[in-house]
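Chains as they are written, first to last, in numbering that gives the first Met the number 0: chain A, 0 to 440; chain B, 0 to 354.
No lab work stands behind these hints: they were computed from the structure. We treat Cβ as the ideally placed atom computed from N, Cα and C, and that holds for glycine. Be aware that one or more of the hints could be misleading.
[Stated by the list, open to error] Looking from chain B toward chain A, a few residues come up when the C-beta cut is under 7 Å (computed):
id, residue
1, P54
2, G160
3, V161
4, I294
5, A310
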Amino acid sequence: MKFKQTVLLGAAMAGLLASSAASAAEEQFIGLPSYRVGPYAAGGVGIFGGWIDYMQLINERDGGVNGVKLTWEECETEYNNARGVECYERLKKKGSTGNTVFQPVSTGITYSVLEKVAQDKIPMVTIGYGRTDAADGRVFPWVFPMITTYWSQASAIVNYMGQKEGGMDKLKGKKIGLLYHDSAYGKESHAIMDKLAAKHGFEVIKIAVAHPGNEQQSQWLQIRQAKPDYVVLWGWGVMNPTAIKAAAKTGYPREKLIGVWWSGAEEDTIPAGTAAKGFVAAGFNVAGASYPVVADIKKHVYGKDKGNMEDKSRIGSVYYNRGVVHGIITVEGIRKAQEKFGKGKSLTGEQMRWGLENLNLDDARLKALGATGFMPPLKITCADHEGPGKVKFQQWDGTQWKVITDWVDSDRPLVRGMIEESAAAYAKEKGIKPRDCSKES
Amino acid sequence: MLYREAGQFKASYAEDAQIFPIRQDRIGFWLLMLVFGVAVPFLASEYWLKAILIPVLIFSLAALGLNILTGYAGQLSLGSAAFMAVGAFAAYNFILRIEGMPFLVALVLAGLTAAAVGILFGLPSLRIKGFYLAVATLAAQFFIVWALVKFPWFSNNSSSGVVTAQDVTILGYTFATPEAKYVLTFLIVAFMALLAKNMVRSSTGRAWMAVRDMDVAAQVIGFRLMRTKLLAFAVSSFYCGVAGALYAYTYIGTVEPEGFNLDLSFKILFMIIIGGVGSIMGSFLGAAFIVLLPIFLDNFVPMIFGDSLGAGFVSNFQLIIFGGLIIFFLIVEPHGLARLWQIAKEKLRLWPFPH
Numbered sequence: 000m001k002f003k004q005t006v007l008l009g010a011a012m013a014g015l016l017a018s019s020a021a022s023a024a025e026e027q028f029i030g031l032p033s034y035r036v037g038p039y040a041a042g043g044v045g046i047f048g049g050w051i052d053y054m055q056l057i058n059e060r061d062g063g064v065n066g067v068k069l070t071w072e073e074c075e076t077e078y079n080n081a082r083g084v085e086c087y088e089r090l091k092k093k094g095s096t097g098n099t100v101f102q103p104v105s106t107g108i109t110y111s112v113l114e115k116v117a118q119d120k121i122p123m124v125t126i127g128y129g130r131t132d133a134a135d136g137r138v139f140p141w142v143f144p145m146i147t148t149y150w151s152q153a154s155a156i157v158n159y160m161g162q163k164e165g166g167m168d169k170l171k172g173k174k175i176g177l178l179y180h181d182s183a184y185g186k187e188s189h190a191i192m193d194k195l196a197a198k199h200g201f202e203v204i205k206i207a208v209a210h211p212g213n214e215q216q217s218q219w220l221q222i223r224q225a226k227p228d229y230v231v232l233w234g235w236g237v238m239n240p241t242a243i244k245a246a247a248k249t250g251y252p253r254e255k256l257i258g259v260w261w262s263g264a265e266e267d268t269i270p271a272g273t274a275a276k277g278f279v280a281a282g283f284n285v286a287g288a289s290y291p292v293v294a295d296i297k298k299h300v301y302g303k304d305k306g307n308m309e310d311k312s313r314i315g316s317v318y319y320n321r322g323v324v325h326g327i328i329t330v331e332g333i334r335k336a337q338e339k340f341g342k343g344k345s346l347t348g349e350q351m352r353w354g355l356e357n358l359n360l361d362d363a364r365l366k367a368l369g370a371t372g373f374m375p376p377l378k379i380t381c382a383d384h385e386g387p388g389k390v391k392f393q394q395w396d397g398t399q400w401k402v403i404t405d406w407v408d409s410d411r412p413l414v415r416g417m418i419e420e421s422a423a424a425y426a427k428e429k430g431i432k433p434r435d436c437s438k439e440s
Numbered sequence: 000m001l002y003r004e005a006g007q008f009k010a011s012y013a014e015d016a017q018i019f020p021i022r023q024d025r026i027g028f029w030l031l032m033l034v035f036g037v038a039v040p041f042l043a044s045e046y047w048l049k050a051i052l053i054p055v056l057i058f059s060l061a062a063l064g065l066n067i068l069t070g071y072a073g074q075l076s077l078g079s080a081a082f083m084a085v086g087a088f089a090a091y092n093f094i095l096r097i098e099g100m101p102f103l104v105a106l107v108l109a110g111l112t113a114a115a116v117g118i119l120f121g122l123p124s125l126r127i128k129g130f131y132l133a134v135a136t137l138a139a140q141f142f143i144v145w146a147l148v149k150f151p152w153f154s155n156n157s158s159s160g161v162v163t164a165q166d167v168t169i170l171g172y173t174f175a176t177p178e179a180k181y182v183l184t185f186l187i188v189a190f191m192a193l194l195a196k197n198m199v200r201s202s203t204g205r206a207w208m209a210v211r212d213m214d215v216a217a218q219v220i221g222f223r224l225m226r227t228k229l230l231a232f233a234v235s236s237f238y239c240g241v242a243g244a245l246y247a248y249t250y251i252g253t254v255e256p257e258g259f260n261l262d263l264s265f266k267i268l269f270m271i272i273i274g275g276v277g278s279i280m281g282s283f284l285g286a287a288f289i290v291l292l293p294i295f296l297d298n299f300v301p302m303i304f305g306d307s308l309g310a311g312f313v314s315n316f317q318l319i320i321f322g323g324l325i326i327f328f329l330i331v332e333p334h335g336l337a338r339l340w341q342i343a344k345e346k347l348r349l350w351p352f353p354h
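So here's chain A without its partners, still in its complex pose (with noise of 0.2 Å):
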C-alpha cells in the first residue's frame, strides 16, 4: 500500500512537472453509479465489473484510448433514485473535464437525471433501459438509449414467434400471454404489444405480477386456462425464477416461455434449477467467455491481478458481458470524439456528446473489437439514438445459455412512429423545439 502511494506520488509529481508537453498525462474521468449491495446487486456486480475490466483492458493493453487514461471512481446507488441523483451531483465535476458520460444501469435514476443532463452537458447512454422514446435524437439530444429499446425488444419477441411458426402471418389468431411485473417497467410492454396483435392479429393476454412475485400460482392458472401459444416473460428479479418454476409446475413447455433480457441471465436460471432447461430469452449481449474481447480481458487484466470481480466464475456470463458493452460503447465514443476534437486529448462531455452521436460500429470495427457476434453492429445518427434494435435468442440447456439465432429484427417502421409520436407529446409538454437534424455536423 505504501508503496504504491509513493508511486502514484511519483508520477503524479512527473505528470504534474510535464503536464503542459507530455500528452500521456492526459486522462479521461468516467463516473460509474454502481449498485454491489440491495435487491439488484446480482445485476450490478456483474454489469460494473464487465464495465471496469474493459476499462482496465483499455489501460492495461493499449495504454489508454490514443494515450489518454481512463480513470473512474464508483458511487453506490442501491439502485435508489435519491441516493443516484447525489451520486451524479458528485461525479459531475470529478476529474479533469468532468464525468464523461453518466450510464445509471437503473430506469428511475434515467428519469431522474434526464434534464439535468442536458444542463449540465453531460450526455447519458443508457443500454437496454431507460426512457424509450429519448430514441428519438432531435428531442433528446443528450440522451442515447443505444442498441435496443423496450419497444424494439417486443417487437423482435414477436419477429422471432413468428419465425417460429414460420411466417408472420401464422401469427394470426395465436394468443400470446404476456406475464409482466406490474410496474412501470413492465407496463412499457403494453402499447406495443397491443400495437403488433392488432398488426398481426393475435390476441395478448395480459397478466400482472406484483413486486416482488415471488408468488405466482394464481397467474399460471390463469395461463394454464387460456392455453397461450407463448408467454412472454416481461420479468426482473426474483420474478424470473419463480415464473420458471411455475411454468414447470403447471407443465407449460418452456420453450415456449421467452424472456426479456432482465429475465434471461444466469441469476434467473439457476435459481430455477431443473425446470429452466429449454428457457429461451432475448438479449442484445450474448452470453460466453469464448470471444477474443473477453479472451482480452482474461490475459491482460485478471492476468495482472488487476480484475474487478470477485467471483471469476462470473466472467462471460450475461450480465458481465453486457457490462463489457458498456464499456465498449463508452472507449468507441470517447475514440470516436477524440477524432475530431484532437486524438490524445481529455474531452467534455459536449464533446463526447458528438462522439456518441457519429459512433458507428460496424462489422469491420467489432472484429477489430474481438466483439463480433458479441453485440449487434451500431450506428447511431442524430434522428436515431437507438440504433440497430436487434437482439439475439438464446436458449437456457441446463448448465449455460445456448445461442440459437443470429440477430433478430425489430419492426423497425411501427416502432420508430411510436418513438417519434411519444418524443414529439413530450418536446410538446415541455416546450422543445425539436433539432433540425441536416443542419448538424
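Use these hints to put chain B onto chain A, whose structure you have.
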C-alpha cells in the same frame, strides 16, 4: 456559563408562551435561520445544494408529518411514502390540468388531496391500534402506488408511468437554479415547521398527546376521538403530501410511483425513531442523520481503506457501519437525537459548576 437564564424574567403571557423562552435559544435559532437561509445559498456549492441540503429539508418535512401522527398522536403509520406520492402526483395534475395554476396554490391543493386520502386511510384507526393499525396503513402504501400505476390518467398517459415536473414559477419568476430552489424549499419547510411547532403547543397538540398517552382516558375527559385521530391523519398527510410535491418539483424533477415504495416509508419511520419520536427538532436531526450518513460513509470508507478492498466489500461494509451506528444511537439514547440535545442543554445550564 454562557448558557445561563439568570436575569431573564418573563413579564407578560406572550413572553411566557413563546417557543424559545430562553434568550440564548432565540439567538441560536435566528443565527441558524440566517446561516441556512442567507449564507448557505451564497456559499454552498451546487452539489451541496442539489444533492444534500434540499433532500434533507424535504425528508425533514416528511418526517415531521409522520412525527405528528406517530410521535404526537400515537398512531403508527407505514404509509408516509404513499402520501408523498399522492402529493407529488396531485401537484403535477393540478398544474397540468388547470391553466395558470400558481405553484403555491397547487402545493396547498396537493397537500389537501393527500390529507383527504390520509383521512380515508385513517378511518381504521378508530377501531384498531398499534401494530394492527400499522398493517392497515401498509394497505395505503400498496394501494396508492398500485393505483398510480394502474390508472394512466394520473401520469397523463405516460407509457412508463413517470411524470416530469413542470417548471416552478411564482409571480413570473422561474425557480431554475439550485440556489433558488433551495431558498424556496427552505422557506416552505421553515414555515411549515413553525406551523407544526405551534400546532403541537396548542390545544390541538394537547388533544393528540392525550390520545397518544391513553385514548380511553382522553375520551373520558371529553376529547372526541374520531375528530382528534382523523385530524392527526389529515395534518400528517398534508405535510407528507407537500413534502412529496417538493420532492418532485425542487429535488428530483421526475417522479415515478415506484420511487415512493415501502422502503421510503420505512426510511421516514427510521428518521423519526433516530431523531426523536414526538419532537419537531428530532424530525430534522433524524432526516439529516439518515440522508447524510450513507453519503458520508460512501466518501469516507474508501478514503480510509483506499482501493485495497474490493468495491463490493466497501459497499457492504458501509451498510454494516450504518446499521451499527443506528443500533449504537438507539442503545445510548432510545429517545433519539433530540433527547441527546436536550440532555446536552441541561448539562450546559449547569456548566462549569455541576454541583
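Results for each hint:
no., hint, in the structure
1, P54, "holds (6 Å)"
2, G160, "holds (4 Å)"
3, V161, "holds (5 Å)"
4, I294, "holds (6 Å)"
5, A310, "holds (5 Å)"
Comparing the model with each earlier hint shows no violations; every hint is respected.
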